[in-house]
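Chemist: Heads up: the sequence lines are chains Y and X, in that order. Number 184 in my numbering belongs to position 184 of the first sequence; there are no gaps in the numbering. In short: position in the second sequence from 1, add 1000, done, that's my numbering.
Check each hint, because a few of them may be wrong.
[As the list claims (entries may be wrong)] From the structure, some residues in chain X lie toward chain Y, with a derived Cβ separation under 10 Å: (1) 1053; (2) 1057; (3) 1084.
Hints are computed from structural coordinates only; laboratory data are not their basis. In this text, a Cβ means the ideal position worked out from N, Cα and C, and glycines have one as well.
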Amino acid sequence: MKLKNVLKSAGVLGAVGLGSLASQAVADQEFLLTITRPNQLHVIDMSSNTIARTCDIPGPFGTGSIALSPDNTHAYVLSNGTKDVYGFDIRNCDITFKAEQSSPTEQVISMQSIAVSADGKELYTVQNPIKKLSDRFEVEQPRLAVFNIKDGMDAKVVRTFPVDRRITKIAVTDQNEVILGGADLKGINPKTGEVRMVSKLASWEKGPLWLPPDAFAMHSQGEQMHEYIMPYVTAKFDSEEWNFETAEWWWGISRVDLKTGKATRDEVLPFQFIIFNFVADPRNPDILYGSFNTLSKHDISKKETLIVHEMPHTYYDLNISGDGKTLYVGGTSSDISIHDSDTLEKIGSIQLTGDMSTSDLRVATIRN
Amino acid sequence: MKHLKSLNKKAQLINQAVSPEEVEDVVAMQTVVGCTATTDPGWELDPFGGLGSLCQPMESDLYGCADACWWPAQVPDTMHTYPDWGKDVAKANEDWRKLDGIFEDGE
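Just need the whole structure built from these sequences, with the hints factored in.
Modeler: Encoded structure:
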């Protein structure tokens, strides 16, 4: 990124001195990305917590799912009821990629599932196709769809491979395996279609005293740790009678290290209140923050909740700055709430032009 | 059905479908999201049988339930059936009065 663009995007040219200009020229730039209704991608400068630019997304809103290119300069979003994919250069809002997944005879929905290959050359979605016949709809086999990003504004599917039903959030490892978040966590090789089990959930084998896990794979904001987290809830009963009143209830997480593709799964906290999403502190992977009606801080090495901060309304998701000091809590309404990660006290707010609904809250770090 | 005679192709398909050996396997929902997740906050009761863990206020949760077809019985499904329901309302907490109910007879 050129210095001129850095300064323009930060919007602080008149407010900083020459010394800080020099340091900004070499500093990484962190941008917070989210999508609001009616359908706009916001690029927020995290150094000033102001909106650097707003990109209009063609078509109606599409749940706000965002995937980043490996260099973080481009964001790919689902639009038009999650049927279409658009790619943006977040430095100037140029639209660089478009793929219409549906046709007149086949409706294709991608529920949150969008990711970019490790080399930045391919884009992946999980397509849920329905054949539209003259007298009925027929549900088809879901598939991983592969697009070449260089195909630009008229991209077509170049490969497909069958995958399980019920896949939502996906991510790509450094080995370019696509992690598929569904009833179980699986990984697929997007060259061959070979699928492996990454972490069992619905088919886990923990014995008759454990409730099958109830997982939530709507968001995953592990950019700072380069990881994928899927939270789940389970219960351990004291007998096979399954008395829900006396059961131990637990939050668990399936956690994939996207650097290695290795996964862990563990019950990490007593289930005391609803949390929609977790994000880890980049300074300590045992420290997790969670959001919903509360913003909370947890030490999973001790299975403890450290702080609970009541929020004025529900927030579905959250993310964190690269230095781990600042939390951004968003989703649902039109404000991103900013908090000190040490105390969870609110330190700021970013007002947006519309509701975020189920949109992602992604951090794009552009390295100079 | 044995006293009814199918006259067109669609009716013949219905006849075939009621034959047990012709019934196709029921397939699972396309996605994890939906009304089936037991710990998701709902619109009537939360997982603890109370109200404190429901989304609050409900205006914050309207589009989250509509856009992803999350609670299609409680909130219009903007993904498929009512794509224009929130068309002119960018902020539900400010303009919730414009988000009208859905009436099948158009009234």
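Chemist: Taking the hints in turn, state whether each one holds.
Modeler: Right, here's what the structure says about each hint:
1. Using the Cβ-Cβ criterion of 10 Å, the hint placing residue 1053(X) at the interface with chain Y is satisfied: the shortest such distance is roughly 5 Å.
2. The closest approach between the C-beta of residue 1057(X) and any C-beta of chain Y is roughly 6 Å, which is under the 10 Å cut-off, so the hint is satisfied.
3. Hint status for residue 1084(X): holds, given a least beta-carbon distance of 8 Å to chain Y, under 10 Å.
Going down the numbered hints, you'll see the structure goes against none, and every one checks out.
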